[in-house]
Every structure is written in structure tokens, then in C-alpha cells.
Amino acid sequence: MTKLSEIVLNGLALGSVYALIALGFVVIFKASGVMNFAHASLLLLGGYVIAQLHDELGFAGALLVGVVVTAAGAGLIEMLFIRGLGKVELHVLTILTIGIDILLTTELVRRIGSDKLSLGDPWGAKSVEVFGANVAQARIAAIVVAVVLITLFFMAFRYTAWGLSMRAASEDREAAALMGVRMKRVQLVAWCVAGALAAVAAVFLTASPTPGLDRTTGFVALKAFPAAVLGGMDSALGALIGAMMIGLTEALAAGYQSDLDALGGGASGIAPYVVMILILLWRPTGLLGSKELSRV
Amino acid sequence: MSEPEPKPGAALRPAAPGPAKSSVLNLRVAAAVIAVVVMALMPYYLTDFWLLTGLFAMAAALGAIGLNILSGTTGQLSLGHAFFLAVGAYGYMYFSGDSGRSGTHDISGLGLPPFIALILAVLLAGAVGGLFSPISGRLRGMYLGIATLALVFIGEHVMINAHSVTGGYNGRAAEPMEFFGFTLADEDPYLEVAGVEFAKYERLWYLALALLVIGIIVARNLLRGRPGRALGAVRDSEIAAAVMGVPVARFRSMAFVVSSMYAGLAGVILALVFGRMIPEYFGLALSIDYLAMIVIGGLGSVGGAVAGAVFVTVLPQLFAHYAASLPLVVESGGDGVGPTEAARYLYGAAIVLVLLFSPGGLAGLVRRVRTPRTTPRTPARSRSAHSKEPQGAAS
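Sequence lines, in order, name chains P and D.
Under the numbering used here, the first residue of the first sequence is numbered 2, with each subsequent residue one higher.
Under the numbering used here, the first residue of the second sequence is numbered 842, with each subsequent residue one higher.
Everything labelled a hint here was simulated from the structure, so no lab data went into it.
Even glycine gets a Cβ: it sits at the ideal position worked out from N, Cα and C.
Possibly wrong hints are sitting among the right ones.
[Unchecked claim] Here are the computed distance ranges between Cβ atoms for each label pair:
| # | chain 1 | residue 1 | chain 2 | residue 2 | range |
| --- | --- | --- | --- | --- | --- |
| 1 | D | I1058 | P | A157 | 56 to 62 Å |
| 2 | P | K117 | D | G1124 | 34 to 40 Å |
| 3 | D | L964 | P | L179 | 27 to 33 Å |
[Stated by the list, open to error] Example chain P residues on the side facing chain D (calculated, C-beta under 8 Å, incomplete):
| # | residue |
| --- | --- |
| 4 | L58 |
| 5 | F60 |
| 6 | P227 |
| 7 | T250 |
| 8 | I278 |
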């Protein structure tokens, strides 16, 4: 029983981190209509900035700078590369973000080298008892911070002018523009929000018990793709549900590894993708994604 | 390789009907034949390093043509191309290899003649592509892209764990290709043509070249005929295509099968060239490379796919080779930008720049260079020229 509650809590913590990343995907997809493959490098950028600055500025200061830098970086990508293209094919946009990802990742990986950088987070290796389960403090912090941020995000989405413009834009971009919604600004803010969320996710991805930030940290963003897709790519709530499902599945597959020997070692790594395929077979546009309607 | 040489002269002679059109056509045929002859002479001039690079480029070109039929012409985004390459490569190894032990694991194989194994491997890749059609038939756009992404990760997992077929993490050796006792390897029999020793790479060069030419011709005929029109109609609007009587679901899965077969063939060639394949090679990066090839080359164009494949495979090699003589680049392991990193930067920058300045890729660039010459001459056509200029209309 202890084991199960421990696994579930770990799964929820993992799910919260995925949720932060997946929300970024969804916001960008709603605003610009592209799946942002450069997210992996943004995550790495946030982590790297925090790791470099935490000695001088302390963790809180470094986190702030890291979030601002990553948000600015994401905004810059939107302004320089995505905005000017206008209406082009999906493949072109996808491969363009991959190209940007290659550039940024190469630079960061060159700087990080083979080191494992600490982000100087205040939780250390301490753990606490929750419902009789032993869980690392950083994991609990991940859940709390994610809940706060995601609540803020949904409230902004519901009540602010930007949220209203976002919703209008994702309904019909052209109509929104004609109604006086400043699409450029909406898109820019969307990318910045996604970048900021990625930087926060980087902190929890590298906090104990994970050894720290290394060159492969960005790959985790790839596991948030299934989360965003199985929930429906234009649904923020769907991304949240998807992220929790993926996090729990992965934690359960890792926790009961010994019972899954028939599937071969490391089955937890592919569990998210298997879950996604099964859900997509059942609902081709994800759990809450809007159905594709076509007018004849 | 002497038989294609008399053709250029014959092809230049204009055919009787429609002199203007067919002389353009004949010029193109002549150019193609000359290109093939030049490629056939390459083993006499290139070192092993460049032969190897060329072999990679030819294999990549076949794979890119396949992906282009699927993604460029039919509009189905696929990030799972590497998986189908892997099916082809391991299929060939399984069909042609013998059962036995490699390291600590038992390896099984059917021990068929390599040529039969090649055909079976290509068919197997096509069948696996067909098996994916319950998913590929339902999903659209980005959903399909991410679902095929899953194929890469799940495939890699299966490959690492299916020891008896793939040899597990350390991979498995491929049997050399063999035609009636003539082996495409360094020895057996020793062969020397015009003073140049024909070793493994030289022999494989002609096999790859022949397969590439066949692949290009098949793809062109496929895309210019009824199936190509149908696939294009499916990309532009599935409803309109269905209304015109195109069986949409069948063509969508057909595109997947054909593209997987091309990928499988590319995988077999890679297995023959490398001699040994490890599952790690067929990762996401390989899929991305193929997507980059067709986007850089130009979506929907066979020539573009080949150009993109050459661009993406040769560029990093070029850099690795000449890194020492470039400014701002230091020897690998030193402090600063090493050659592999420089190649990576250039790869990323090339993708971004080509797409920013020519979203139609290299094929779009060629078309754009060609159009201004015709526009002043025929001002009436210039209004529509920029939107849809047919490929052969210029010159």
C-alpha cells in the first residue's frame, strides 16, 4: 500500500511537470497553429540560465531571471521566425521549429558539455511523509507550484483581456483580427507564457532526486507531446488531464517494472506513447480536442 | 557501365511530333542520362570517404523520395520514417542472415539468398506501413505527426529487446549482397576495372545507383499518373477528392505503404553499406533528418527530395572533412566550436534560412530563378505566373 501511494504521488509530481510543458504547447498551438518543437531547447535554456546565476543571485533571483530570459527567448523566436511566414504548410512550420531547436540546443549542449549542473533549488535531498509514503520534498513542491501556476493560468485565460483574445483567436483567427484583436500581441504573449512555464518546469525536472541539469534534460519535453496530443491539442484542460495520465502511467510502469519484464527493460519510457496511441485510436482528436469540421 | 553512353546523342535528336515541347523533353532526358553517366564514373575519381558519403546520399535520396510521396504529395506529416528504415534494414538481416550465436545471444535468420531477402525486406516494410493504416487513416495533421513520433520510440524499444532478430543493443551484422556468386564485398572475386580496384564501396555504388534510378523513375511515373493526381487531390481537400470519386482512405494507406517501401529499400542499402546496424541509429534524429531533406528540397518534388537528401547528408561530412581549414572552428576536443558542432550549427541555420527565404525549398528556389526570364516576354501570363508556374514551362 505504501508503495502504491508513493508511486501515485510521484506520478502526480511528474504529471504536474508535464502539465507545465504541455500547457505551453497548447497555448502556442492555439495562437500560432504550430507544434513547437523548439520547446525542448527552451527548457534547457531556462535550466541553464538558472544554473549559471544561482550562486550570485540566490535561487529566487536566478529563477526570476531564468523565467524572464526564457520567456524573452520564446518571444524572440516568434517575432523573428514564426510571425513573418504567414500561411504555410504544417510541415514547413514544424521543421522550422526543429531547425531553431537544433541551433539553440547545439549552443547550450556545447556550453553544458558533459557536466551535471545544479540549479541550487532549496529542497535538497530531504523527503517528507505524506499518507505514510516517503516522497522527496521537491516532488511535493512541484505539485504545489504547478497547481498554483495552472490555476493562475486558467484564471488569466478566463478573466483577462488577453485570455479573451486568446479564446477568440483560437476560434477563428481571421474573425478575431477583424474584430480588433491584436493578433501579433496575442501571439507574442502566448509564446512568452509558454517559455516561462518551460523554465519553471526545468527547475522541477532537475531537482532532487534527479541528479541535475545535463544535456539530455530537453528530451523530456518530447514526453509532453503525448500529453498535449492525447488531451486534444487545442484544449488547455485536455493538456492537464493528458499530463496527469502520462505522469501516472509512467510512474506506475516504472514502479511495477519487475512485473513488466515480459515487455523488456525500460518499458516506462515508452508507456506515454503507447497510452497516446490507444487513446488516439479511440478519439482521433484527443479527449477534449475540437472535432475537425469541414464546410462543403 | 558503358551501355548508357550512346544515348545522349540519340536523345538530342528532336522527335517528329510537337518539335518545341519534345526538344525540351529530350534535353531533360539527355541531362538525366549525362547525370547517370557522371555518377557511374564517380568510383574512378573518388576516395573511399567520398564514396561512402555518396552511398549515404543515395540511400537517403531513396528514403526522402518515399517520405515526399507521403508528406509532400499526400500531406500526411510523418515523424516515423526512421522506423520504416529500420524495418527494411533488420528485415534484410533477418531474411538473409543465418541462425547462430553473436556474443551472449542467439540470433535467428532464414538464410535466404540476399537478393530475395532484399525484395522480401522491402515488401515487409510496405506491409508494416499498411498495418499502421488504422491509425494513419484516422488521424490528421499534427495528430498524425505525433502518433508517428510514437512509432519511433516504440520501435526503438522493440528493436533493443528483440534480441533474436535485431541482435539487441549492439546490433547485428548484415550479409553482403550477392548475385549468382558475385559478392558485393571487398573480395570474392577480386575485381579490377581499368586499373581501379573494385572493392565493397565501388560495387555497392552501382547497386545503389541502379536502385536510385529505378526509384526516381517509379516515383515520377507514379506521381505524374492517376495515382499522383489522386494523392494531390487528397492533400488539397479530402472531401473534394471523395466527391470526384477518389477512394480517400485507400489512397491514404497506399501512400503509407509506398513510402514505407522506399524507406525499407533505403534501410537495406544502409545495412549493406554499414555492414552492421544498431537500433540507436534509427532514432528520432534520423526521422527529423528525413523531414528536413524533403522540406529543404521542396515538398512534393522528386528532384527536390534528391537534392535535399544530398544537402543534408553531404553537408556534415563536408564540415567534418574540412573543419581544420575553416575560420572560427577548432579541432574536435578543443575549447570552442568543434567541427561536429559547426556542422550542427550550419545544419540548423540552413533549415531556418532556406525556409525563411524560400518556403518552397530548393525546388521552389529553382522555380523562382526560372520564372523572371519568362515574365517580361509574356506579360499577360505574369499575373498568374507567380502563383502556379508549372515546372517545365520555363526555359
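Against the structure, the hints come out as follows:
1. D/I1058 - P/A157: 56 to 62 Å: holds (57 Å)
2. P/K117 - D/G1124: 34 to 40 Å: Since P/K117 and D/G1124 have Cβ atoms about 22 Å apart, the given range 34 to 40 Å is violated.
3. D/L964 - P/L179: 27 to 33 Å: violated (53 Å)
4. L58: This interface hint is violated because 27 Å lies over the 8 Å limit.
5. F60: violated (30 Å)
6. P227: At about 7 Å, which falls below the 8 Å cut-off, the nearest Cβ of chain D leaves the hint on P/P227 intact, so it holds.
7. T250: violated (13 Å)
8. I278: Interface hint status for P/I278: holds (5 Å vs cutoff 8 Å).
In this structure, the hints that do not hold are numbers 2, 3, 4, 5 and 7, in rising order.
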